Amino acid sequence: MDLMDLNEWAFIGVFLVIAALLPIVPIAMGRLLGPRKPNPVKTDTYECGIETVGDTWIQFKIQYYIFALVFLAFDVEAVFLFPWAVAYGGLGFFAFVEILIFLALLSLALIYVWRKGALKWT
Amino acid sequence: MLRDALIQAGMVPGLASFLDILLGVIVAASFGMVWVLIGIWIERKAAARIQNRVGPNRVGPFGLIQNIADAAKLLTKEIIIPRNADRLVYFIAPVLAVAAVILIAAVIPFSSVVIGTDLSIGILYVIAVASFGTLAIIMAGWGSNNKYALLGAFRSAAQLVAYEVPMVLAILIPVMIAGTLSMQGLVQSQHIWYIFVVPVSAVLFLISTQAENGRAPFDLLEAESELVAGYNTEYSGMAWAMFYLGEFMHAFFNALIFAVIFLGGWRGPGAEALPILGFFYLMGKAILVYLVTIWLRLTVPRVRIDQLLDFNWKIMVPLALVNLAAMAFLFKLVPPPNFEAAQAIASGEFEAAGGIYRLLGPEFMATLPQAGVMLLGNIVLLVGFAAALRWWSRRGRRVESLVDETDYTVEPVTAK
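Quick note, the sequences are listed as chains A and B, same order. Under the working numbering, the first residue of the first sequence carries the number 1, and numbering increases by one thereafter. Under the working numbering, the first residue of the second sequence carries the number 1001, and numbering increases by one thereafter.
None of these hints come from the bench; they were simulated from the model. Quick caveat: nothing in here was measured; it's all calculated off a predicted structure. For every residue, glycine included, the Cβ atom is placed at its ideal position computed from N, Cα and C. It cannot be assumed that every hint is accurate.
Unchecked claim - Keeping only pairs whose Cα atoms sit at most 30 Å apart, straight-line, the calculated DSSO-like set for lysine-lysine is:
#1 120/A / 1314/B
#2 1332/B / 1314/B
#3 1147/B / 1045/B
#4 1045/B / 42/A
#5 1077/B / 37/A
#6 1147/B / 42/A
#7 37/A / 1147/B
#8 1147/B / 1073/B
#9 1077/B / 1045/B
#10 61/A / 1077/B
#11 120/A / 42/A
#12 1332/B / 120/A
#13 61/A / 1147/B
#14 42/A / 1077/B
#15 1314/B / 116/A
#16 1073/B / 37/A
Said to hold, decoys possible - These stretches of chain B come out as covered by chain A in the derived footprint (C-beta under 8 Å, 3 or more residues):
#17 1025-1035
#18 1089-1099
#19 1107-1120
#20 1140-1148
#21 1318-1327
All chains should be modelled from the sequences, with the hints used to inform the complete structure.
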């Protein structure tokens, strides 16, 4: 089999490996060349000099979750908009009406979230 | 080219293809790393000038070798791993932060012939790959088990994710006009630079990439006066340097992408005939955009998280949505550019018109009516939106003054 058949994506595949290697090499070199003398004070959590109180791995504030949810709706929408944008030049005027309905539905969602006060940071 | 030569020399086709690809990958991937050495120097010098300082000027002529000295210093620094850190996540984060940015270089068209690979979904690939960077920041914050770092990661989760929406909606408009997602296709369709056709999208894109990159005025995720250093508080030595490198490269690649989408990429006089010239045009445009982002970064104060999210969801996203609908309408309103007719005029059926067409190029003249109408639409949109914002903010102030029932009169102090 010739790699050239899937040239585009084979390129991205090789790129992925090289792109990961480029930062790994300096970090590994840093580990090799730099000193390594850990002590309890040095490896402590950097805060203010006193031992950290309580667990750090806690639950996210719920507000972040709501923002993520709004984002998700818009991001899925964007996936649908890209094919439309590419094909739009060859489509009739009806394509415009369709996308207007689509955008109106989305704006409605945004207005709903806005009116509900979910966008207000507390 | 290399592949054919290797097969001619008697190599197995599969291996020859692999070597061909590998060479291309290494050249494209190391572009960012090499550019960093000069780019950081440009940024530090520009920052110094804005802040009325001199900047690096000791190591080498004009301090040009300062970055190499810094890299050597960072190599010999200890990488301190916090005792409580999740070691795997802790080390994947800096690798991902750089890898995500380097991956963008695969689809940037450096000139009419030099491009890593011209994916048919190029711009979608850029958006997808760049969002890995968000993941790296969340991993760094979570993995280092530090409260400051985690706060930075929380903020990034809300911020980086939010600003992707107006960015995508802004990119859609050039894609719609060009009718393609390929980066090379976007460049080739720009007979008139898109910044002169759809300036509103260009501004939306510039602001959201600045936020996406986490640079001032949107640098909440590493706000040093509140969070020590944000998500990279617990990183030191080369591991920390990778975050710095990733952020810097991302800033420059954002400028490159801006130049490709809105400033005509490698296009310029003589770039088709002499591809190397195209590379210099692209770099020149990208450096110009980059200097603008540095200027923004150093002159605008940091915003609060509620201001940041309000600005995105209540100003950027509505504007982007209205912009998309309006541009889609105008795009259908004006007949598409007729290249054959323009070519015919240029080849001399009408003497006077032919001269103008030959001077400015038939493609330029053919796209002119559409571009003109869209530019006009953009200006109307911008003025309308500014008026709406003015009304909204005034109304907000009026409502506030009605609600505010605090008694501001000072009680006279009476001695007991």
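Subject >> Hints violated by the structure (listed by number, smallest first) >> reply: 3, 4, 10, 11 and 12
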